[in-house]
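Place chain B on chain A using the hints.
Top to bottom, those sequences are chains A and B.
Per our numbering, residue 8 is the first one in the first sequence, and the count goes up by one each step.
Per our numbering, residue 375 is the first one in the second sequence, and the count goes up by one each step.
Calculated from the structure, these hints are not laboratory results.
Computed from a prediction, not measured in an experiment: that's the story for all the values here.
Every clue listed holds true.
If you want a taste of the chain B side facing chain A, the calculated C-beta under 10 Å gives, among others:
#1 R411
#2 G581
#3 A586
#4 F638
A virtual CB, placed ideally from N, CA and C, is assigned to each residue, including glycine.
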Amino acid sequence: MSTIDISLIVNGENVQQTVEARKTLVDFLREDLGLTGSHVGCEHGVCGACTVRVDGEIVRGCLVLAVQCEDTIVETIEGVSDTGEIAALQDAFQRRNALQCGYCTPGILLTAQELLKSGSAKNRETIRQYMSGNYCRCTGYQAIIDAVEAVAQMHGSKP
Amino acid sequence: MKIVADLPSSLSVLDRPNSYIGRSVARPNLARLMQGRGQYVSDMTLPRMGHVAFARSPHAHAKIKTIEISSAKKMPGVIAVVPGAELAKVMTPWVGVLTHLKGIKSAPQHAIAVDRACWQGEAVCAIVAKTRAQAEDAIESLEIEYEELPAVVDAETALDPKTFVIHPELGDNLTFERKHEAGGVDKAFQEADETVETTFIFGRHTGVCLEARAIVADWNAGDERLTVYQGTQAPHMMQNLFAKHLSLAEHQVRVVTKDVGGSFGIKVHAYADEMAVAALSKLLKRPVKFVADRLESFITDIHARDHRVKAKIGVKKDGTITAFEIDDLTGIGPYSVYPRTSGIEANQVVNLTGGPYKCSNYRALARVVFQNKNVMCQYRAVGHPIATAVTEGLVDLAAAKISMDPVEIRRKNLIPDDGYPCSAPSGIKFEKLSHHASLDKIVRMMSYEKLRAEQSELRKKKVYRGIGFASFIEVTNPSAAFYGVGGAKISAQDGATVRLDAQGAVIVQSGVTEQGQGAEAVLAQVVASAFGVPIERIRVITGDTDNTPYGGGTWASRAAGIGGEAAWQAGKALRENVLAVAGSILQADRRTLDIRDGLVVDADTGRERIGLDEVARIAYFRPDTLPPGFQAELVATRHYVPRAWPFAFTNGIQASYLEIDTDTGFVKLLRHWCVEDCGTVINPQLVDEQIRGGIVQGLGGALFEHCVYDDRGQLTNGNMADYLVPMAGEMPDMEIGHVVSPTADSELGAKGAGEAGTAGAPAAVMNAINDALRPLGVKALTEMPFTPERVLKALGHV
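Bound conformation, chain A alone:
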């Protein structure tokens, strides 16, 4: 199996690694870097559990290959938690019990944060539409929408 050397920044740390060309970004993060907060759900870009950020934009970690991330900046749930960037969302999710098993939650939080940053979390309907690419089997979504809406209102949609 062919391998390729890559160099990138993950959660602020320089990473140089040799990876199989076929390895997805989420498998690379989980297996090679031990960043297991990004989860694997459907393995083909539907469920959003593997959502991570590459150069500031969210991507599906199962649809991006690790080798495509050469010279990029990758941020995962561990990184944005430690910087405090999503603290308001995490607080709202906790108060509203907007997660149960928690498996979808890292992807949900990163997606919600992108929505909030875009300033387009105008109402529940917008939030519901935007969050529709992230599956949750436990909550029925209402608590998630409530929590995101609460943060949007708190910050005038600008966290």
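Using the frame of chain A, we list chain B on its own:
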């Protein structure tokens, strides 16, 4: 943000000072999960760990003629190639039957198929390699020769004499049959002014846990112990099964369950491939990991529902229901699932149909048949969505036939709230239900009259909206009557051990498990209240057979009602023990003391006497200062099992408001309501979120989710793009209300709430769809899921 308000308090034995019962306390494990620091089994690695991939049968039914493994063994990273016959030397097969389901039969099932594969997806060979990718690569090098056998696909013809018998030694394809008759059914139908007959069809669907099934098994040949890290709902049940089929003693097996990425009943069964992983670890003397990929999940996670119910109701002109009759047929795959069997769902349909109503004339037939599809077994709300949709569908059709309002016909026929205790015609027993209070409450919550007026106005503009109700009952807090009496080693009782640590905090170990529903929060609330400390000083440990009391785990909505009561009693017992120590230190009568907010106080005045940290310090480090002969006991264990009632039935009602686009067939859910009575509500927020999540799972089955098989027994949509689940954009906001009828079987009085949402939602939606389309003269839709295609067909548009 709507933070759920605490319930107004009513004084009872639970009203200790600073009680947490009835308060929306946040779960202790949320921060970890939100930071990506959970510990799911799929995240685990151990030294020398191998990864397994399975070669799976591409055929629904085939003889395995040869498996050529020599090329696969030479592939990079391969540790072992193990066909079924090889593994069968380490692990014995099982048969999924229970003695209390009279006549149920099944055939021996192996961890890996030995000479015949009975469904598309059954494992036929395992390959363990250094990585999962290498194991999958090696699978490609296996040469497996199959000889296809006739596939039994259609449940409807499974019992025909000319149909191939899947297990010839069983004589036919009938797994289980139950007949039940109560009252005078034929006479009751004759006395009816109208009868309605229809056939309800419930598509096969599955749980789609976002974290697939995952297991790491680690046989330590030095210790002669097997440690299994498994995403399961029932660690002690699995401990028993691993031990039994590997010929070990139970104490040689430890099952550890950390975070679990969704369960819903999917993870409460013994899966052949997971059993195989334990056997492979024993065979190879090293840790072995298996995480199902999404395709494997769709073809091997248990499927659910798949019922065809012919049903009939009799009604008088005044609305009195005279009789119910059902004929249920369900196909369950080639094996009855171990150890809970695949006969329970049909059995539940017989038990529950007609359950909310006074009508005492009831006839039921349920037949469970084998077929060459993936196995089917208990999934969230087992049998309830079927029984509820059949019952409530019939009631609405009867109401329409006699032009009676659906609320009115329910008022007339629901068991009166003062009519308890009583039994249903199926024989199930009710302690105390509140159908009428629930109905009255939901009618108020949804402003029913106003909604009807709106509906009627919009119809003039050709906007078709529907309102649908579903009264339901739910089995919770099961006693040994569910499984134990049938011979399954599935504990109905549960235990809790509580311990005062050396700084005055309390450690709780419980046999129930956390699947995200909030069991650990509930246990912390209960112990904090019973013992008397701030909740921050409680640490809860679950999911470890070495370190928790023996218990059943989490299923059948039992964690709060049974595990919670054990924890309540243990907390009280520890309080007595600690007061004995405090009394000894203070030279005071222990009866004059209490523990409140983490302090030992005078019971009368609340005046602080001594801190728990000080009690612990003296008991643990200066016991020499205690009176001679006095021994402090700072651990207490209590167990609990319901005894007075075989099950704590709950009840409730749901209502759906939706709009149908008659051009596209799309159903738009506008609002959903549920009033539910689970007895004492320990944590209102967690109960409400269980109900909301359950409703959406029920809505999924009603509108989207369907495992579509072709006539060769091939699953045609086994991926998340083609198998649809509810998404945020199409789900409604749900309003939840409560009526509180505690069970007298426990001091807490809590019944279960985990499955109520799923039990009632499909029926409510079905009734709303038919309510919306009724003015168009459409024949009632009774086949789930209600896809746009089916709606358009009903409208005659396609």
